[in-house]
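Residue strings, one per chain:
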Amino acid sequence: MGAIYIDPAINRATVNRDECVECYACYYGLSTEHLNPPFVRLVRKIFQLGRLRFDPEPDVCPTAAFEPEDLQWPRVVRRAFSDPRATHESTGVQGRGTEEVKTNDVTGRVQWGEVGFTIEFGRPGVGVWLHDIQKMTWALAKAGVAFEKKNPFTLLMSDVSTGTLRPDVLDEKVLSAIVEIKVKVDQTQQIIELVREVEKDVDTVVALGVGTRCDEKGEEKLVAPILERMGYKLERAKTNMGLGRITNLAEKKKEEQPGEIPSETR
Amino acid sequence: MTNTLHRYGDAESFRDDYIVFATPSSDKNDENSIPKLKRFLELALPFKPVSIGDPVHGGTLRPSRDLHTKSNWRRDMTPDFRTVIEGIDAPASVVAIFDNQAAAKQFLKVAMEANLGLSINMSASIEGVKECCKFAGIVRHSIGYSLGFEGATDKLPNGQLLKLTTMCGHGMVSASLAKKMIDWVKEGRRTPAQAVTYMARFCSCGVFNPARAQRILEDARKKME
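Those protein sequence lines, which keep their order, are chains A and B.
1 is the number of the first residue of the first sequence in our numbering; add one for each residue after it.
1001 is the number of the first residue of the second sequence in our numbering; add one for each residue after it.
Pairs of lysine to aspartate or glutamate, DMTMM-like flavour, derived with a Cα cap of 25 Å: (1) K1186/B - D1219/B; (2) K233/A - D1099/B; (3) K1179/B - D55/A; (4) K1070/B - E1187/B; (5) K252/A - E1031/B; (6) K182/A - E193/A; (7) K1179/B - E1225/B; (8) K221/A - E1012/B; (9) K1155/B - E197/A; (10) K233/A - D1010/B; (11) K1222/B - D1183/B; (12) K1130/B - E216/A; (13) K149/A - D1027/B; (14) K1179/B - D1076/B; (15) K1070/B - E57/A; (16) K182/A - E1150/B; (17) K1109/B - D1030/B; (18) K1109/B - E219/A; (19) K1109/B - E235/A; (20) K1109/B - E1042/B; (21) K135/A - D1154/B; (22) K150/A - D186/A; (23) K1155/B - D171/A; (24) K1222/B - D55/A; (25) K1109/B - E216/A; (26) K233/A - E1225/B; (27) K184/A - E216/A.
Chain B stretches covered by chain A per the calculated footprint, using a threshold of three residues with CB under 8 Å from any CB of chain A: (28) 1055–1067; (29) 1144–1155; (30) 1167–1173.
Derived, one-sided and incomplete: chain B residues facing chain A with beta-carbon distance under 7 Å: (31) D1010; (32) N1072; (33) S1123; (34) I1138; (35) V1139; (36) Y1198.
Hint data in this document are derived by calculation from the structure and do not stem from the laboratory.
Model, not experiment: these values are computed from the prediction.
Glycine residues also receive a C-beta, built at the ideal position from the N, C-alpha and C atoms.
Input sequences plus hints: build the corresponding full structure.
Spelled out as structure tokens, the structure:
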């Protein structure tokens, strides 16, 4: 984000709070020494006066200057969607992550003939204002698309049927956020075209992921041809091997109830 | 989060990037999953992964909260695999990263035979994964394609920087640090092996591939994109 800079007025490192997405990379990612700050500044000044290059380890904060802040709503939303280590109980948001096809072999989240989209805003490393994402959720809702209920971004919506976000979070900036939807295979092209149209009005990057089921031979010949026809060169994918099974006792009992159709697993 | 899916590069650039991960699903198979997650990583070790990690505590290289100043000259840059495995204390995805297909596919076969009951995924080039599945005798269940980056792509850094930064899917490796590391390698201030460790410590789940990063830095030394 480039949110940290030396403020020339006070000659001290300062955080631009508008741009800071509360990812905490500065706090958790940097190693720390615990040197005396005036001493560190003096040493740096001496080197600077001698026009000598100061060449310390680049991932070390010598004075352990960063301290976590006790964030309040709505700013805490920034951290929930930016810091992968964040505990989300305090935010009411159940993590920014989503299981999508990673656990599809046990959840049956995306069934045969369906396509799960992950539309991720702000990634990689650009960030996004939530009011920008609302442009997309409005358009998707208007197209009759259902948002994934178990996705943390859906939990920020005050009206899921229209894709409207809570008004108090709109002016928050996050590192990235994933809108997750599921449609039928024959809607794939329509959704991608819609995303392409709306992203012209969104001032950030979008990373698109498309998840689907393979057939009984492990092949996927429904969605890939659509994507290739649309000009995508498919290079990389995440593949679920189908090795998972339900082992939690409560869930197993549910599956064993007579007359109920078990979720699709293999 | 789709933290391994959107790595930047073409299929050829993923020749040394095979990520295998095990994921417990909330309410489905997360009970008593911690020993299984540890077992998964234990099974990976004989195949010499270049990194392993868990999203709660990190990878094999981690920041230190209490460095001594002399570490500026004598820093321990040895990856610590044992700490990752012993530290797993919550049901979450754990990951093993390999820099060659032979090791990845053999591990995949062993992980399948271990019958842990967790969801196991591989993130790599599409063809690379297909070959691994064929070797292990696995019929793929589901697939998640990366369609790359769209929208305001003028805000993105160049390809070499993207290849480095997108190896931490959570975005913890900044483009400015990656740029600095390329510059330092070109200036001879750090070796690629040293520069990689600085970036890897920011990756909070251990999916950053140090072997691929080292290759990218070596390439960048002679040719900037």
